[in-house]
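Enquirer: Read off the chains here:
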Amino acid sequence: MAVRLAELAARFGCELRGDPEILIERVATLEDAGPGCLSFLANPRYLKHLAATRAAAVVLDAGSAAACPVPSLIARNPYATYARIAQLLYPEPPVAGGRHASAVIAAQASIEASAWIGAGCYVGPGARIGARTFVGPGSVILEEATVGPDCRLVARVTLCKGVRIGERCMFAPGVVIGADGFGHAPDVDGYVKIPQIGTVVIGNDVDVGANTTIDRGTIGDTVIEDGVRIDNLVMVGHNVRIGAHTVLAAMVGISGSTTIGRRCMFAGQVGLAGHLSICDEVVVTGKTMVSRSINKPGVYSAGLPFDEARNFRRNSARFQKLDELARRVRRLEGRAVNDSKEDPDE
Amino acid sequence: MAVRLAELAARFGCELRGDPEILIERVATLEDAGPGCLSFLANPRYLKHLAATRAAAVVLDAGSAAACPVPSLIARNPYATYARIAQLLYPEPPVAGGRHASAVIAAQASIEASAWIGAGCYVGPGARIGARTFVGPGSVILEEATVGPDCRLVARVTLCKGVRIGERCMFAPGVVIGADGFGHAPDVDGYVKIPQIGTVVIGNDVDVGANTTIDRGTIGDTVIEDGVRIDNLVMVGHNVRIGAHTVLAAMVGISGSTTIGRRCMFAGQVGLAGHLSICDEVVVTGKTMVSRSINKPGVYSAGLPFDEARNFRRNSARFQKLDELARRVRRLEGRAVNDSKEDPDE
Amino acid sequence: MAVRLAELAARFGCELRGDPEILIERVATLEDAGPGCLSFLANPRYLKHLAATRAAAVVLDAGSAAACPVPSLIARNPYATYARIAQLLYPEPPVAGGRHASAVIAAQASIEASAWIGAGCYVGPGARIGARTFVGPGSVILEEATVGPDCRLVARVTLCKGVRIGERCMFAPGVVIGADGFGHAPDVDGYVKIPQIGTVVIGNDVDVGANTTIDRGTIGDTVIEDGVRIDNLVMVGHNVRIGAHTVLAAMVGISGSTTIGRRCMFAGQVGLAGHLSICDEVVVTGKTMVSRSINKPGVYSAGLPFDEARNFRRNSARFQKLDELARRVRRLEGRAVNDSKEDPDE
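Protein chains in written order, with my numbering: chain A, 1 to 346; chain B, 1 to 346; chain C, 1 to 346.
Heads up, some of the hints might be wrong.
Copies of the same chain look alike in the list, so a pair counts if it works inside one copy or between any two.
To be verified - Straight line, CA to CA, 25 Å or less: simulated SDA-like cross-link-like pairs of lysine to any residue:
1) 161 with 298
2) 161 with 131
3) 296 with 244
4) 296 with 277
5) 296 with 2
6) 321 with 331
7) 296 with 199
8) 161 with 26
9) 193 with 1
10) 161 with 107
I should point out that these hints are in silico values taken from the structure, not numbers from a laboratory.
Just chain A, same shape as in the assembly (with noise of 0.2 Å):
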């Protein structure tokens, strides 16, 4: 596909500098950008590949503007005008309605015409595929599990029974969706397993990445809202509820009946105890473990950055010791200058 850079700037809504009849084709990198090819800058840290650039057009700002030496579209959010320009480059191939011989589909399932169920797939009884979904090889469609319209799943997706996901949700391969939630009551001869009797309702818009799994309610439901974005092996526990348009990076893992608000984003291996409750627009540093509830919209850490092993060995060992060495700076601080009646610790 060739688009004329004109035809692009009115599309998306940017200012045009440079020959509109200019031919894009595809999107490359500052660097590596040739003839046809549209890059953008949106990060400050790759300015200095600007003035050599070979690119057909530039996406940018227009603080930028002044500095690009090929034509350029100057955009308000360079970064999501780069993204829809490339969504209309790169389409996702239509959606060929049908299905393989070799899928296995109950009688009692509903599936729009317009929707694709591939090789190898199973879908269960009531289960119901909306119009233009497809559903990539090996998957599979426990029963009354219901998919909205244009979703994309796009091999080896299993959601299991009664689930309910909304529309153009895309799930990536080894994704699980409703498997049992992990409830096991205790009693003095071991774990007497809770059924998991609740589903998982995921909303409009939601891209879930691979072998991530979210599990199912155990009496209500797991819910995820509108535009939640999840990146690969991510863990989501029964009965969470995800606020629209939060981000989890990948590894992040939510102990059940946690409720995350809106707007959030949580780095990699950031870890969240069960019960809590997060408010809108926080934001998780790699790693932290979250063990209360946060009510206060801002930036959390608690991974400690790294240093050589023999540094970090004896600074660890210093931690063991610490609550030890306040007491001494206490007692210090009383001895020698006894200025004080007040415990700066209590």
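Start from chain A and add chains B and C according to the hints.
Expert: Just chains B and C, lined up with the frame of chain A:
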């Protein structure tokens, strides 16, 4: 299914208060319950919802019974009793013996007539499937793997060559049992793979969560004893042994050749180094790294509490000079008070 | 298979002590070995088992040979030599060329006659499978993916569109290569998905563990060089490059666009931030968060040692006031000794 309250009381050994003829049809939380609903009170945090509940009956302990405005079942362990009642009300669907026409089953496999092999499954030569075991769609059971009676492989489960599974086990979608352990001997020109010739042996009543992996042993076997409960995305390395009724929450990682006792609990994202020995009844809190053996029951931690990022950065910068700080305090103590010849740090 | 000890010595370049006619049939640990068993001593912690071993022969180094009560093979690197002998004794089963009748193979796929495509597999248009490569049951190979010769996809492996795999690679069950990278540009009304138009390129002799995911590049490719060994449940983000013979233990997470050198070792649950550069021969210990680039070979750590929960809580409470504590020490130093105008903390 509807069950009289008197029947529940008799079957599960509860004292009944209120009308024995009430019919229980389903379960619900104290807040959401209505007619026909059984609810339960096991966690004091939900006591506030008891007074206003509209449940048909509530399972609770003797101490809370007086505060219950509706009929009740008084149990020593309300949570476990609730779990057993819920199992009665929401039974797993019965397994219809047979095999889907699309399943591929090696001639030399041995499958009990009452077991079900679902759509698109593969069962290899020498594999054995016990009575009433359900093998859900898309599962792969490689050669010589054996599965006992009354197991449930929900969907897309992989059992590798020769693994041995006991009775009444549950495997969620995406589980991989018996992949090669991670054994690679370093040599001058890279690594030499060490054949993993052991297998995985799993006892009875073991639950394994979605996308969890349990690797086969190098020479001996990886062993999971009876009643172990494993959540999603857990990694159990080769030659590990996990004692009966131990619980692993999501994303726990256990390195090779570590032995874990009985009735332990590992919270989410805990990691254990290899070749350790952990005694019975050890509890490890979330995200802790267990880097040495534990021979005393108790609760162990290493996950730092989170903080606002600005504060955390300031404190963690100090952490990187903590050894130096401790030495400075020692010097201060020597100069200012001089009341001891001994170094408190040694 | 039985092999004479003399043949093993000759083939693997070992000095032989003892009867060259002994037949070796299998391997075992020093403790469990009996007649026909080869054992090895590579880790001094097992030296205590040498004197009582009943192995037919032991692979060990020259320094331990005198203490060996049975015939021995003396090797410079006993562990690697053991690994090679075990590979000889336990060969992978030969691959019978062909395809299972239930496999779905696109007309435009190109599959070498000596490759095997297992039950229930899907191979898309334009995909290419090399000689003697084994594609285990339930695997999905999407369009235009290419796999070199002598690879082994054990079962239920997913290779997404256009990924390119070298020779002699092993993929455990549940692996997903080439799912979309996690690229979402924030905009006023949520996120815009950034098409991930690169792919994944994997070299030769790469091992990938169960349920690991390696994402495709955004514009360029994600690259895994020769000899890399990756354990289970690892996440490799888009545009990452991993240098030859680097090892990633289970649950390591590598964020997008990070470059890792050769012969590095990352222990379990290590996390790396994005856009970093890690030089050759870096070792990172378990659970460490790597938040900045490393340009010096060495060993790096950040995982705090665990403690009894009560002690840990006390110390971590102090950690949250560590900056204040350091300031108090500074004040004490100023008042008590006053031997420096300089703030040692700056």
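Enquirer: If a hint holds in the structure, say so; if it does not, say that too.
Expert: Against the structure, the hints:
1. When the C-alpha separation of residue 161 and residue 298 is checked against a cutoff of 25 Å, the pair qualifies neither within a copy, at 38 Å, nor between copies, at 39 Å.
2. Taking CA atoms no more than 25 Å apart as the test, residue 161 paired with residue 131 passes in both settings, with 20 Å inside one copy and 24 Å between copies.
3. For a Cα distance limit of 25 Å, the shortest separation of residue 296 from residue 244 inside one copy, 17 Å, qualifies, whereas the shortest one across copies, 42 Å, does not.
4. Taking the shortest alpha-carbon separations for residue 296 and residue 277, only the intra-copy value of 11 Å comes in at or below 25 Å, while the best inter-copy value is 34 Å.
5. Taking the closest pair of Cα atoms, residue 296 and residue 2 never come within 25 Å of each other, the shortest separation being 47 Å inside a single copy and 46 Å across copies.
6. Within a single copy, residue 321 and residue 331 get their C-alpha atoms as close as 15 Å, and across copies as close as 17 Å, so both meet the 25 Å cut-off.
7. Taking identical chains as interchangeable, the C-alpha atoms of residue 296 and residue 199 are never at most 25 Å apart, the minima being 30 Å within one chain and 40 Å between chains.
8. Proximity of residue 161 and residue 26 under a CA criterion of 25 Å is satisfied inter-copy only: 18 Å between copies versus 41 Å inside one chain copy.
9. In this assembly of identical chains, the alpha carbons of residue 193 and residue 1 lie at most 25 Å apart only when taken from different copies (19 Å versus 55 Å within one copy).
10. For a Cα distance limit of 25 Å, the shortest separation of residue 161 from residue 107 inside one copy, 16 Å, qualifies, whereas the shortest one across copies, 31 Å, does not.
In summary, the numbered hints that this structure violates are 1, 5 and 7.
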